[in-house]
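Trainee: Chains A and B, in that order, are what the protein sequence lines are. Count the first sequence with the numbering used here and you get residues 1 to 110, in order. Count the second sequence with the numbering used here and you get residues 1001 to 1116, in order.
Hints are computed from structural coordinates only; laboratory data are not their basis. These numbers come from a predicted model, not from an experiment. Where is the CB? At the ideal position from N, CA and C, for every residue including glycine. Careful, some of the hints might be misleading.
[Unchecked claim] Not close to chain A: a few residues of chain B, all C-beta gaps over 12 Å, as computed: (1) C1013; (2) G1016; (3) V1019; (4) D1027; (5) D1065; (6) S1073; (7) T1075; (8) V1115.
[What the hints assert, rightly or not] Straight-line distance between alpha carbons at most 20 Å, and here's what the computed EDC-like set of lysine to aspartate or glutamate pairs gives: (9) A:K42 <-> B:E1022; (10) A:K5 <-> A:E26; (11) A:K5 <-> A:D31; (12) B:K1102 <-> A:D97; (13) A:K42 <-> B:D1088; (14) A:K58 <-> A:D31; (15) A:K68 <-> A:D31; (16) A:K15 <-> A:D84; (17) B:K1102 <-> A:D53; (18) A:K71 <-> A:E26; (19) B:K1055 <-> B:D1065; (20) B:K1041 <-> A:D84; (21) B:K1064 <-> B:D1098; (22) B:K1014 <-> B:D1065; (23) A:K71 <-> A:D97; (24) A:K109 <-> A:D79; (25) B:K1064 <-> B:E1052; (26) A:K57 <-> A:D79; (27) A:K71 <-> A:D53; (28) B:K1102 <-> B:E1052; (29) B:K1055 <-> A:D97; (30) B:K1064 <-> A:D97; (31) A:K57 <-> A:D31; (32) B:K1102 <-> A:D31.
[Unchecked claim] Output of the computed footprint for chain A on chain B, the stretches with three or more beta carbons under 8 Å from beta carbons of chain A: (33) 1039-1052; (34) 1098-1105.
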Amino acid sequence: QQQVKQSPQSLIVQKGGISIINCAYENTAFDYFPWYQQFPGKGPALLIAIRPDVSEKKEGRFTISFNKSAKQFSLHIMDSQPGDSATYFCAASMNNDMRFGAGTRLTVKP
Amino acid sequence: GAVVSQHPSWVICKSGTSVKIECRSLDFQATTMFWYRQFPKQSLMLMATSNEGSKATYEQGVEKDKFLINHASLTLSTLTVTSAHPEDSSFYICSARDSPAKRRQYFGPGTRLTVL
Chain A
1 QQQVKQSPQS LIVQKGGISI INCAYENTAF DYFPWYQQFP GKGPALLIAI
51 RPDVSEKKEG RFTISFNKSA KQFSLHIMDS QPGDSATYFC AASMNNDMRF
101 GAGTRLTVKP
Chain B
1001 GAVVSQHPSW VICKSGTSVK IECRSLDFQA TTMFWYRQFP KQSLMLMATS
1051 NEGSKATYEQ GVEKDKFLIN HASLTLSTLT VTSAHPEDSS FYICSARDSP
1101 AKRRQYFGPG TRLTVL
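Produce the complete structure using the sequences and hints provided.
Mentor: Here you go:
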């Protein structure tokens, strides 16, 4: 049972463009929504996270938009750079339970 | 920032042998540690959750007798893959949390296990 659905599976963006990745969740008990960046052969690293009482959070070039009623949230990467090329995972968490989306492989072309 | 290490970073073993993977929180005390498995080009799947001094809680479908988890101290958790088989080959990642009140998990760099 996939509790967090992530799209697209892969994404190609030109340098300087905006990368947008979307996630949807089912369980309304989730109360913490992080985004992770993972490079090949490495563990995931937290990029940014949001709680459901906030509709948007921005940290540098990364912004999370959160729609509680639709049970959806998205990651926007502004001014995308080749160094942003990685796999991005959204997640949803409650208590000790964290469920990950399937991941989006982002390629930023120079 | 909080740092989590794993050892070894990669291991190759023969089928039938056991392999132990260590996960350490280097600069904080981890009240809870998590073990994930990740197959190539796939997402992270939670295997088990462990609290220091307690038995681990395994996710449905994860064999607790095959994947032994020990969380003996606030800075160390170990995962032992017993009688490993080729299908156990995967990327194993641990994470740690420093407070039950906080959701953030700090991830280790992962351990690549290859069973021949």
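Trainee: Straight-line Cα separation of K1041 (chain B) and D84 (chain A) no greater than 20 Å?
Mentor: Within the cut-off at roughly 17 Å; holds.
Trainee: Holds or violated: K109 (chain A) and D79 (chain A), Cα atoms, limit 20 Å.
Mentor: Judged against 20 Å, a Cα distance of about 12 Å means the pair holds.
Trainee: Regarding the pair K5 (chain A) and D31 (chain A), is the alpha-carbon distance no greater than 20 Å?
Mentor: 16 Å, holds
Trainee: Next pair to validate is K1064 (chain B) with E1052 (chain B); report whether the Cα-Cα distance is within 20 Å.
Mentor: Roughly 17 Å separates the two Cα atoms, so the pair holds.
Trainee: Is the straight-line distance between the alpha-carbon of K15 (chain A) and that of D84 (chain A) 20 Å or less?
Mentor: Since the Cα atoms of K15 (chain A) and D84 (chain A) sit roughly 10 Å apart, the hinted pair holds (cutoff 20 Å).
Trainee: If you draw a straight line from the CA of K1055 (chain B) to the CA of D1065 (chain B), is it 20 Å or shorter?
Mentor: 12 Å, holds
Trainee: Can you tell me if the stretch 1039-1052 of chain B counts as covered by chain A, using C-beta to C-beta distances under 8 Å and a minimum of three residues?
Mentor: holds (count 7)
Trainee: Is T1075 (chain B) truly not at the interface, in the sense that its beta carbon sits beyond 12 Å from all beta carbons of chain A?
Mentor: 17 Å, holds
Trainee: Is the Cα-Cα distance between K1102 (chain B) and E1052 (chain B) 20 Å or less?
Mentor: 16 Å, holds
Trainee: Going straight from one Cα to the other, do K57 (chain A) and D31 (chain A) come out at no more than 20 Å?
Mentor: Within the cut-off at roughly 15 Å; holds.
Trainee: Are three or more residues of the stretch 1098-1105 of chain B within 8 Å, CB to CB, of chain A?
Mentor: Holds, because 3 residues of the stretch 1098-1105 of chain B bring their Cβ atoms closer than 8 Å to Cβ atoms of chain A.
Trainee: Can we confirm that no CB of chain A comes within 12 Å of the CB of V1019 (chain B)?
Mentor: 18 Å, holds
Violated hint for the displayed structure: number 21, the only one.
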